[in-house]
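There are 2 protein chains.
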Amino acid sequence: MKEVRIVFQPGEISVPVAAGTTIMEAMNRSGLGEDFPCGGRGKCGKCRVKVREGREDFTAIDEDHLTAQELAEGVRLACATKINRDMMIEIQSPKKLQHHILIDSAERPFHIHPHLVKVFAEIAQPSLSEHKSDWQRLQESLAGLGCSVHDLQAPLSVLRRLPDTLRESANRVTTVVYGSQVLGVEQGDTTGTLLGMAFDIGTTTIVGYLLDLNSGKELEVVSTLNPQAQYGGDVISRITFAGKEEKGLETLHQAVTGAMNKLIGEAVDKAGVNRNQLYGISVAANTTMHHLFLGITPRTIGMSPYVSAINQGLVVAPGELGLEINKAGRVFVLPNIAGFVGADTTAVLLAAELEKRDHVTLILDIGTNGEIVLGSKDRMVACSAAAGPAFEGAQITSGMRGADGAIDHISFDDGLSYTVIGNGRPIGICGSALLDGVAGFVELGMINKRGKFLEPEKLTHPGALKLKDRLIKYEETWAFQLVEAGQTRHGRPILITQNDIRELQLAKGAIAAGVRILQEAMGIVCDDIKEVLLAGAFGNYLNPHSACVIGLIPRELESRIKTIGNAAGNGAKIALLSAQEFSRAKDLAGGVSFVELGSYPGFNTIFAQNTYFKLD
Amino acid sequence: MKEVRIVFQPGEISVPVAAGTTIMEAMNRSGLGEDFPCGGRGKCGKCRVKVREGREDFTAIDEDHLTAQELAEGVRLACATKINRDMMIEIQSPKKLQHHILIDSAERPFHIHPHLVKVFAEIAQPSLSEHKSDWQRLQESLAGLGCSVHDLQAPLSVLRRLPDTLRESANRVTTVVYGSQVLGVEQGDTTGTLLGMAFDIGTTTIVGYLLDLNSGKELEVVSTLNPQAQYGGDVISRITFAGKEEKGLETLHQAVTGAMNKLIGEAVDKAGVNRNQLYGISVAANTTMHHLFLGITPRTIGMSPYVSAINQGLVVAPGELGLEINKAGRVFVLPNIAGFVGADTTAVLLAAELEKRDHVTLILDIGTNGEIVLGSKDRMVACSAAAGPAFEGAQITSGMRGADGAIDHISFDDGLSYTVIGNGRPIGICGSALLDGVAGFVELGMINKRGKFLEPEKLTHPGALKLKDRLIKYEETWAFQLVEAGQTRHGRPILITQNDIRELQLAKGAIAAGVRILQEAMGIVCDDIKEVLLAGAFGNYLNPHSACVIGLIPRELESRIKTIGNAAGNGAKIALLSAQEFSRAKDLAGGVSFVELGSYPGFNTIFAQNTYFKLD
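One line per chain: the protein sequences are B and X, in this order. Note that this note's numbering numbers the first sequence so that position 375 is 375, with each residue one more than the last. Note that this note's numbering numbers the second sequence so that position 25 is 25, with each residue one more than the last.
Looking at chain B on its own, in the form it has when it is part of the complex (with noise of 0.2 Å):
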């Protein structure tokens, strides 16, 4: 097989490559590739780079996505372009994204319970008149402290070290104890440290948040994009890819718990303590992001009738998925509700503790796939709906993941305003500002409840009337020019077409439609909702009135609408923390009636409906 050379520049990285691979491959293998938003399908056109030696013809998918001056300057698709001879690569936004995470947090109080405690004891000497096994002059010893478990165990991991351990450390140890498993036996006086990681793995970024398990004190945040991004950025693309690539279920797996031991070696750097300090990691995840990060295959999540393999709670030894924290901790999993609503959404509920609200409550949990839970007390239902990618900026003309560069809100009050993360020239408009802009046109008339521009001559607003001349000519329709070409980072103007807006309303038809089924399958009507809670980045980070005013959340419900930072992250935390309140999300996660979007009658009809918008 050939090999070939190629060099990324800025950087001068430089890389051997076997003859057709593509550029994709090899950024993924020197570890530049993390942001392929389509999983490399040629689908998004998201992985400009500039072929600056070794150009050749571009392909199809290029010219799909590319102007003929891009193709001419030679920018191409890193997914769509294959390596055959030596090349000098330009990437065109080479530093990783540094993305905003949500890590601020409104907790509630809860008691502290571990699930695995520490005993210092000083063990008995053997002597000739009592022959007691070192085992059982340890549990004697246990018992003594009151620490009296019938028919206590021991893996053989721990029973082999056992007597060299006793012996080094003069008969002082600390004896790691879960319920009836002695998990580990220590020299000395350890019982002061006992810390965890609690993980919130979303589809798009991994949040770990290290925490002192006796304390309850949170000693660090870490966070990181899920590198199984660059095999597909959203659910279905990486189901695809696990079940269709040679070893595909084992990539993704190794990238996310790969991913999570390099955050946890980042937090006990940070925190000066070391990772075998660590007993706990605690987990909440999308159904996909679970069963991925467990190595169980998601095929069956993927097609009807999209069921999980497994949705139980479940506690696994770290070393059963490579997680290198102390042999002796325990991985503490949170259970799915169904299919499409996974642990992610049992630590929202755990965190947000709905099953105890007299009212009720509408909680959101917006991504690419929008998780909605109704209910109170006495009854909670819940439900997935596919919002797609457009809340994430993917499949957006202008789109991207709510990262440097990003447009995050736009204002129209006092003409047109925006405001860019890390401020400097914008490169595109993340979901949040997606809604300001349309929200913005549904309140100035430039669209009709079809989300159709009007053309420009047919504007009346005021407000329209001044933004006119932003409406250009854009495949054949209008679309609107947010950000002039000489204005961007990149030098290509950052525009809202035609197509985003019926990409935002499919997104926003879908929640909408998730909401009002849930309701009749409730039983009642807008006013009988008393709070909406917003959960999640997204929901963070969106403007409540211009949700509304698009007809994402009812208008009725504008003013009690309330955001509740990142609830599966807190949740995550509160089940590390508390053995109780992990036992009691179990609890939860069955007392949550699912209803399956797909299968409910007239679905279809009032998707389309929701899709509209209400003008006024």
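Treat the hints with caution; some may be incorrect.
[As the list claims (entries may be wrong)] Derived lysine-lysine pairs resembling BS3-like cross-links, with alpha carbons at most 27 Å apart:
| no. | chain 1 | residue 1 | chain 2 | residue 2 |
| --- | --- | --- | --- | --- |
| 1 | B | LYS586 | B | LYS327 |
| 2 | B | LYS2 | B | LYS50 |
| 3 | B | LYS262 | B | LYS327 |
| 4 | B | LYS270 | B | LYS356 |
| 5 | X | LYS82 | X | LYS50 |
| 6 | X | LYS327 | B | LYS327 |
| 7 | B | LYS247 | X | LYS327 |
| 8 | X | LYS50 | B | LYS327 |
| 9 | B | LYS530 | B | LYS562 |
[To be verified] Covered stretches of chain X, as calculated for chain B (at least 3 residues, CB under 8 Å):
| no. | segment |
| --- | --- |
| 10 | 268 to 277 |
| 11 | 304 to 311 |
| 12 | 593 to 606 |
It should be emphasised that the hints constitute simulated quantities derived from the structure, not laboratory data. Predicted, not measured: the structure shown is a model, and the values here were computed from it. Built from N, CA and C at the ideal position, the CB exists for glycine as well.
Please arrange chain X on chain B, whose structure you already have, making use of the hints.
Quick look at chain X alone, frame taken from chain B:
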């Protein structure tokens, strides 16, 4: 490092080794060496080989054990001879010894109560209206069949295969349930197949019984020498090897599990089944074998106060021990009683049901260590007597194990006669023949009460006078020539020397002292013992009359002696076939009081008294 070549004859087995390697090491590596009674410490002189080419000077160790003529002929000890140049070696007994292993048994009735249950079920199809996970549907199907376990759990490995297993089998699966654990899910109905293997791991031999766990039927019995013997013939030399040699523990652990895997292979081949159909293994072993099997250091057993690391009964996954059976299986390790009274004694007690007996019974399992248990349903006491290797033929001038070529019984009734295992010319004598020989000397007045040969001219018994010529001078004392040089397989005479009688006195003295001390501990006299049960290979081969004549067993009890076959093996079988009996074994082991002989007041005097013979 210089490499040299050693060729073994017969067979022309050629092995490259580093210069300086001993012949014993080379034999071990080439699979030729299994029988080094002293473990290569130059103590027993049993590892004779003849150097045909590449001979060098003999060592001081050779000189201790070999005659001048042997040395001149090139006979050397394999353990003492280094290979410094290319060599050709003749092995004296090149065929692996075919040991006689007791496999007949007197089984008691008990109810089969499998540890693992197989349940066949048709699992419901997933549906859009129910959206239940694969795991939940499996649980519900099991519950529908009456197998309802609260909070049923499954290891990750089972969950990972579950989606494929269900779909590839059209939802017709067999679930392997152990307690609250689902250990396996198999395609189709496999409930008819549930096999297991009970192991009795002895210091010298390993016996395996292939059982049908559904019917209790014994399908095959297989046995092998314990390959650990190449690292030491007795438990003390193995404890030393495990502690002193690099990776010694691991080597011994893998030697025994490797042998077990081979035995499993042999048994399933014979029975026409496969190892994946085995779901259970039970293990009875003395404490040292128990620890080595589990990979736990036996170091503390070998030094005062002689405690084990663990006595408690254990259930272990086969993979943790490297045992190659179905991954859904489990290994059931019987509990030890104390440092030198192991799980093999527990198995004997389980088979003999000592704790249910109304009358006081003495159970003897005699080997290098003699395990002695005395008691009834009211109380049980046990001790371990360090008999030394005499009963196994080691450190006896013409001694050997009870293998092909061994004289196993001697009769003085009608002139001198003997029987040879495998017939043919004899090679040496095993323990049971040594007993007969010395018993004859006692009855014919050829030795005094201290065990010393009388001068030939002082013999008076007519039977003794006939044997007068067989008394020869050997190492400045008298010896009894049992077989003259011309009648043996190797051309050397077979003797019972003064030293051999001393060794036997130490051995029988230790056992008899143990019996005596247990009687004291119970506060009973000989006549209170209503039954004597002899367990194990030696106990079943020895002549009870000889044992009583030499005082190994009190003479008053001769008529009350019964042999109970390989009771340890029977106990292992019972524990494998019945979870209730395995559970009972735990209580049983805890209900036996251990008497440490070494620290018993007056032990030395009692021991010394019991080394004497009672003459008529």
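Hints, one by one, checked against the model:
With a C-alpha separation of about 25 Å, the suggested pair B/LYS586 and B/LYS327 falls inside the 27 Å cut-off, and the hint holds. A C-alpha spacing of about 23 Å is found between B/LYS2 and B/LYS50, which places the hinted pair at or below 27 Å, so the restraint holds. Annotation: proposed proximity of B/LYS262 to B/LYS327 holds, straight-line Cα distance about 17 Å (limit 27 Å). A hinted pair counts as satisfied when its Cα atoms are at most 27 Å apart, and B/LYS270 with B/LYS356 does not qualify at roughly 37 Å.
Taken as a hint, the X/LYS82 and X/LYS50 pair is honoured in the structure, with Cα atoms around 13 Å apart against an allowance of 27 Å. Pair hint X/LYS327 plus B/LYS327 holds up; C-alpha atoms about 22 Å apart against a cutoff of 27 Å. Of the supplied pair hints, the one linking B/LYS247 and X/LYS327 holds, its CA atoms being roughly 22 Å apart against a limit of 27 Å. Of the supplied pair hints, the one linking X/LYS50 and B/LYS327 is violated, its CA atoms being roughly 53 Å apart against a limit of 27 Å.
Our distance criterion of 27 Å between C-alpha atoms is met by B/LYS530 and B/LYS562, whose separation comes to about 11 Å. Interface restraint, the segment 268 to 277 of chain X with chain B: violated (0 residues with C-beta to C-beta distance below 8 Å; minimum three). Under a criterion of three residues with beta carbons nearer than 8 Å to beta carbons of chain B, the stated coverage of the segment 304 to 311 of chain X is upheld, 8 such residues being counted. Counting residues of the segment 593 to 606 of chain X whose C-beta lies closer than 8 Å to any C-beta of chain B gives 4; at least three are required, and the coverage claim holds.
Consistency note: the structure conflicts with the earlier hints numbered 4, 8, 10.
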